[in-house]
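Enquirer: The residues making up each chain are set out below.
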Amino acid sequence: MANGWSIIIGLVVIVLACAAGWFLAPKGETQTIWRSSLILSFASCYIMWAITFLAQWHPLIVPRRSGLRTGAAHEN
Amino acid sequence: MAPTQDTMFRSADMSMVQLYVAREIGREIVNALGELGQIQFRDVYPSFTEARGISADDCGSSTRTLLLFSERLLRRYEDLIMLRGNSMEKAGIPLRKIDFDVDTLAAPSTSEIDELSDRSQSLEERIARLNDSYETLKKREVELTEWRWVLREAGGFFDRAYGNVEDIRASSDNDDAPLLQDVEQHAQGQNGDAERSLTGMNIEFVAGVIPRDRTAAFERILWRTLRGNLYMNQSEIPEPLVDPTNNESINKNVFVIFAHGKELIAKIRKISESLGADLYGVDENLNLRREQIVEVNNRLGDLGSVLQNTKTTLDAELTQIAQSLAAWMVIVKKEKAVYQTLNLFSYDQARKTLIAEAWCPSNSLPLIKSTLHDVNNRAGLSVPSIINEIRTNKTPPTYQKTNRFTEGFQTIINAYGTAKYQEVNPGLPTIVTFPFLFAVMFGDLGHGFLMVCAAAAMIYWEKPLKKVRDELFTMAFYGRYIMLMMGIFSMYTGFIYNDVFSKSLSIFPSAWEWDIPDGWKEGDVLLGKLKGDYRYPIGLDWMWHDTENDLLFSNSFKMKLSILMGWVHMTYSLCLSYINARHFKTPIDIWGVFIPGMIFFQSIFGYLVFAIVYKWCVDWYAIGESPPGLLNMLIYMFLSPGTVEEPLYRGQGPIQVFLVLLAVIQVPILLFLKPFYLRWEHNRARAQGYRGIGETSRVSALDTDDDDSNTLDGRASLASESEGVAMITQDLGGEEEHEEFEFSEVMIHQVIHTIASYLRLWALSLAHQQLSVVLWSMTMAIGLGTTGPLGVFMLVVVFFAWFFLTIAVLVVMEGTSAMLHSLRLHWVEAMSKHFMGDGIPFEPFSFKTMLEEDEAAADIS
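Residue numbers (our numbering), protein chains in the order written: chain R, 17 to 92; chain D, -15 to 845.
Calculated directly from the structure, the hints in this document are not laboratory data. It is possible that part of the hints are untrue.
Unchecked claim - To spell it out: a stretch of chain D is covered by chain R in this simulated footprint if at least three of its residues, at any positions, have a beta carbon under 8 Å from a beta carbon of chain R; those stretches are: (1) 298 to 312; (2) 340 to 348; (3) 376 to 390; (4) 507 to 514; (5) 519 to 530; (6) 538 to 550.
Stated by the list, open to error - Beta-carbon label-pair distances, calculated as ranges: (7) D:E391 - R:A88: 34 to 42 Å; (8) R:L27 - D:G516: 34 to 42 Å; (9) R:V28 - D:K317: 55 to 63 Å; (10) D:K317 - R:L27: 20 to 28 Å; (11) D:A747 - R:L27: 25 to 33 Å; (12) R:L27 - D:Y518: 17 to 25 Å; (13) R:R80 - D:I522: 20 to 28 Å; (14) D:F568 - R:R80: 52 to 60 Å; (15) R:G87 - D:L536: 21 to 29 Å; (16) R:L27 - D:K385: 32 to 40 Å; (17) R:R80 - D:T800: 32 to 40 Å.
From the three backbone atoms N, C-alpha and C, an ideal C-beta is built for every residue, glycine too.
In isolation and in its complexed conformation, chain R is listed as follows (with noise of 0.2 Å):
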């Protein structure tokens, strides 16, 4: 489910959550607050977010665990 076409869906969903928080910012002397943090926000948690996944794309390496017992090391 979760794939490398997810970076691509997660940035429309940003940006279309951008243009919402552009446009639906509330109007007055805050309005240009709003715009910005709000934006500024989705950006921010849609690169932390971003990072996070491509660096578990192609994993370089693997976890290693011992002490597991046998109940633990057969979940999932």
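Model the placement of chain D on the given structure of chain R, informed by the hints.
Expert: Frame of chain R, contents of chain D only:
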């Protein structure tokens, strides 16, 4: 002027205005504007300090003196109330404080001020009188009490003295009296008639009270001066006596000194008085003494009731004053501020108008106009008050309007410097970037949640908590919205890091499964294996938790994360400098600073970011190649351009050479283009003959703020023009060198430090995570490991230890450190890309801020 909405993006549009106000209503106008708090008056006579104040003298010298007088009086009341503090508190007289949120005191009229001043004067007289009589009475009471003690104690002394008559006599007389007489006298004395024996023998005495700490000195001096010819008795008064003048209690001793001869007695009296003893008359006769005691007791009783009456009246009076004192102080402070402001005005004798210059936000002009109009109407004056917008070449002050939410963030920026008028205000993006960079370092869902709770509580109980006057708390309270944002973003980053108090969440199925070889038994090492195309959707896979190599993985992940974040943040900040250049219409800043800076930055760090992301996107095992080390790649890119040992992609060598060349070319452009352009522009202007007016006006603008001086002494300035111009060119040359030097330093600084500086994100977030793991394993893990009843007990103890340490160390301490690092990234790395910060802050004349500042200052002192 087109009314554009003032936003936080840049300073509000400011207008220089000139006010023409009729002299009669000057005070009312300033009062109304002070309530409005939207206008900053400029000093019309900046260079005069002494010969000024036409307006104030003219307007209300009598009011002013009264005002200062009444202010002094009010201060005295405060002192008085403080002095009486001890008794007042017992009597329950609190000094009422004004709550500025609730009470807005209307501007008082002149007659009200006069009335207040009269009233305070008469009150002061009354209070002073009452206070004086109270003190006198109190003194009298103390005297009587002392006397009573002396009388009471003296009885005992006398009894003892009779027993020692012999000694007294022996020490003071020649021993030539017949023995028999002595015996007779003794017998008589025991009959109760012995008093006479003392006088009969010419032995007299002095009785009195002396502070206890002086008795030793007193005794010594007496002994030395009288050469031992005295008999002294002392006893301590068990209760301390209160000195009415300064409310201090002193322990005192009663003493009775017997001595022989009038001269000695006189000496003793002198000595005791000089040492601060109070002497009291005591009769030798027992019966008389009893009568004295009765009398003293009666007088004490009378005095007590009078004293009580006086005290009640005084307290009642003070209570009344305490009730309204705070309000009066506010009125007086406002009045003082109004006259100080009026002092900045100039006065036109001929037209009887006051003229003021002021800055105000252009959008507030209509409001100010209507206020002036209202005041004028109320005063019923036919002469209108006029407000004129004037054009000026002076730099307006920077006014960034804030609200409760943005105030804290703007303060972060203002602590570094005031933005230049109309430049991009970094406070706006800081609302998100500051807490977000903090959260990258602080990321933990649990710790973030605790922070959100604390911030939410402070926001919910905003009103009552506002009054708390604790320095540390006030700071945290001031930043409550920053804390809220930091907490929210920390929860998000904590979710991405998959850290909740160092544990992980397993919301989604993992992308890994354990690859269990045949013959595996518990305790052997297991390796993970990808399930297929599926990847963990949000955040770090929880399968990494508790593995042997999870630090290896998160280390590489967080380092790259911090580089990418740093690149994004700096690119964003650099773009703001483009917006600034566009706004100020200085294309040289685009061509000479923004574009070469951007190319330089992107060809090195942008390329690094590209390499990081590209390396992530390639499935190296699938294509059967070994992944290249990016650090080596970057190093060899500069050391030996063109050769690539571990290729990342095809054609990498030439591209890297091109990028390095591109970056190197930008360096001289960055260093020289702008200074040379400025010099060329300057020379061209001079060659075309634009030299006099513009430059001299600039000089005079520096010297004095007066607009008219240019036109008035134009001839004089022409004469000295060549000198002025020469000076300017010299200055410009000097500045240029200076700038070159600084610029190269800034460049080196940028190359070496910028991205490296963002590695603090990596270091701090790793440290935070490891610290919380250690804390868990040292407390909760032990508690959970113990079983049985002991386990229950242990768990409770250990939980509280863990919770307390989590709050104290992980949230408060680590939070503070992460905050400071985030602050540095903003001030140094981001704001250096675009922030000019040479603005003047807008400080409007506002009663509200003035009173709040006063209150804060009073609280600190």
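Enquirer: Which of the listed hints are not met by the structure?
Expert: 1, 2, 7, 8, 10
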